[in-house]
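Asker: Read off the chains here:
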Amino acid sequence: MATQSANTSDFIKSLGRMYGLYTGGFLAFIILLAVLEQVGVPNKVLGYLFVFFTLAVYAIIGIATRTAQVSEYYVAGRRVPAFYNGMATGADWMSAASFVGMAGSLFLFGYDGLAWVLGWTGGFVLVSILVGPYLRKFGAYTVPDFMSFRFGGNFTRFLAVIVLVCCSFTYVTAQVFGTGLIASRFLGMDFTVAVYVGLAGILVCSMLGGMRAVTWTQIAQYIVLIIAYLTPIVILSTKKYGIPIPELTYGLAIQDITAREQEMLRTGLASAAALKPHIEPFINYSPLNFFGIIFCMMVGTASLPHILMRYFTTPSVREARQSVAWSLLFIFLLYFSAPAYAAFSKLEVYTNIIGRDLTSIRPWLFTWGELGLIQICGKNAASLDAVVAACKAIAGHPGVVRLQDFVINTDVIVLSTPEIAGLPYVISGLVAAGGLAAALSTADGLLLAIANALSHDIYYKMLDPNAPTVRRLLVARILLVVVAVCAAYTASTRPSDILAMVGWAFSLAMAGNFPALVMGIWWKRATSAGAVCGIVAGFGLCLFYLVTTRYFPGMGVKYFGMTSLLNPVTGAPIVDVAKAMALPNAMESWPTLAHPMANKVGWFNLNNINCGLLGMPLGFLVIYVVSLMTRAPSAEMQAYVDEIRKPRGQTVLQEKS
Amino acid sequence: MQQKSSDEVHWKRTTNLMLAHLFVWFIFGYVVHMFVVPLNKIIIPVLGFPLGFYMAAQGSLIVFVVMLFLFARQQDRIDREHGVAEDE
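Here the protein sequences line up with chains F and U, keeping their order. Number 523 in my numbering belongs to position 523 of the first sequence; there are no gaps in the numbering. Number 42 in my numbering belongs to position 42 of the second sequence; there are no gaps in the numbering.
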């Protein structure tokens, strides 16, 4: 025993040196590739080297940290120091959507896009003060573990597993989708093949070593993704303003953007309808929806099982709290840089593309145009001739690119910044490796959350409580592979809603988990019946609102009094409900993805991404009322709640090993 | 008896700390951004950001990070003073 703990502390002490070496090695690798590029190695080879080198490193870490112990598999032996757990959480948290998508949303929505930046950071405050450290003290392996213990019984456990699977599965599918997208774009692989290659990368990290392996790979992935995200804009900022801190210099870019917006309006390069001023608030989201998104994303953060379970791995409650602070610091590094990406690209587009003569468009644009990601005059900007031809077809076109002629897919913003800045290809490869790291690390965390809930909560706790350790871990691994293959299959069918579903996951988690978690910790009087009713009511209402507005809008209008959402600027309805209801397919639903009213109707002008705003208050209310109507929890249970509130002492739940 | 009342005080202080932080969180997560239009009229000198935009893009985020490190320390102090902190 003594030798083992000595080994452990040696291992922890050497972490700094190991990851320091790793970071140095990665930087050296980038420099090596830069040299290779200069001597004429083709871009495609560089892309492959980047992707396979990083994947190989993750695989080596995953295999080296494999484990056959239950507590290592589920909670990394509870000895991950706060600082490193913060880094791992950062990678767990930041997905392909954060890495690739966020800067794009900010480009498109300007100020209104900041709702996502605020929502995806402020939630950690709730994690730390309301939920995380208490769950750590409780000593759970999974979130349903806590629900079942506090609200007695396997039915609550089962409900919690349903909530967990609902919000995590769509999320993991989106990550696998993101992996496929990046791999296919930078390696030129077929999308479906790329999805399964990404899947293999995910599995080698998580299957053998569970939480333990995922933790140490996520730290490695964080280092790659943050270097990849910051490098291009640091270079860009230095080139443009002479200061390598883009987060400070982009204020000037915003001033230039605003000035340029006025100029474009004056000179007729932009119509007032096409121009959305960058710093003007509430023109894409109404104030209700803007603040609703912030609130749902924040509360969702504090309810997502794959985030909460990261704080089960720290050595103490104290370190769990410190770890949340470190997590947010590491996440902050990326999130406060995203608006800089948006501002620099927007300035580039406004000054060097809009207003240019059609014949002098810069060539970097055509590589994205070929993929259909940039359109000019309504056609893919695949080549100069294509652009000229498309614009000629528009009557009275002045021969220069106008704002309303130009459409860019938001994913391009981050991926094309190196080209916009005229940087060597090695930087583009770096960005691809970073995006891949972001998608893989989040997918690992989510897969583990789902597989753990199924193996630990359903199999071990509900089906076979006497299962020996070996069989429990075997079942966990098999389920992990099964869930992963399901996710990859779903992703390979390219479901159209996949990115929207990530936002929905937050609202679902918020409505299903948050009230029960918070009341379970902060209110001793909360009873089992209260929790069961609260979860069913809150989660049910949220799911109902989502499914109805997205897939059955006709029924929503006819039976549930839903009306069209309103345009945030003019206040006019965005869809003519009367006309749409008169169509023959008005009541058709699920398979008809192109329903004219889909996502465009609702109650109180509330966007369906904010459905948690309906479900969560109902959940709290129901738990409160039903708890007061039922008998108070036993004195024993109340004593357990007291125990959870005090960091000192044994965990409440003891795992027999 | 003494033990019990110390635990009660501990929980009361913990609750107050929670409420204080939630209050700051609410101010910087929501209230500040309700005044974005007037705040945007103020331009931060040298850097050139409109203040309302800056608060949503960076200001509030910095507050959240600082808050969390502060909270970890404050809660730990409360735990120690009531003898319920973990051993190092």
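Fair warning: there could be bad hints in the mix.
Stated by the list, open to error - Now the stretches of chain F that chain U is said to cover, found in silico as 3 or more residues with beta-carbon under 8 Å: (1) 180–187; (2) 198–208; (3) 291–298; (4) 328–334; (5) 408–414.
Note that these hints are calculated values from the structure, not bench results. Glycine is no exception: its CB is placed at the ideal position from the N, C-alpha and C atoms.
Asker: Compare the structure with each hint and give your call.
Answerer: Now the hints, each set against the structure:
Given a C-beta distance limit of less than 8 Å, the hint that chain U covers the region 180–187 of chain F is violated, as 0 residues qualify and 3 are needed. Judged by the Cβ-Cβ criterion of 8 Å, the region 198–208 of chain F is not covered by chain U as claimed, because only 0 of its residues qualify and three are needed. With 4 residues having a beta carbon nearer than 8 Å to a beta carbon of chain U, the region 291–298 of chain F meets the requirement of three or more and the stated coverage holds. Check result for the region 328–334 of chain F against chain U: holds, 3 residues qualifying (beta carbon to beta carbon below 8 Å, three or more required).
Residues of the region 408–414 of chain F lying with their CB closer than 8 Å to a CB of chain U number 0, which falls below the three-residue condition for coverage.
When the structure is compared with the earlier hints, violations turn up for hints 1, 2, 5 and for no others.
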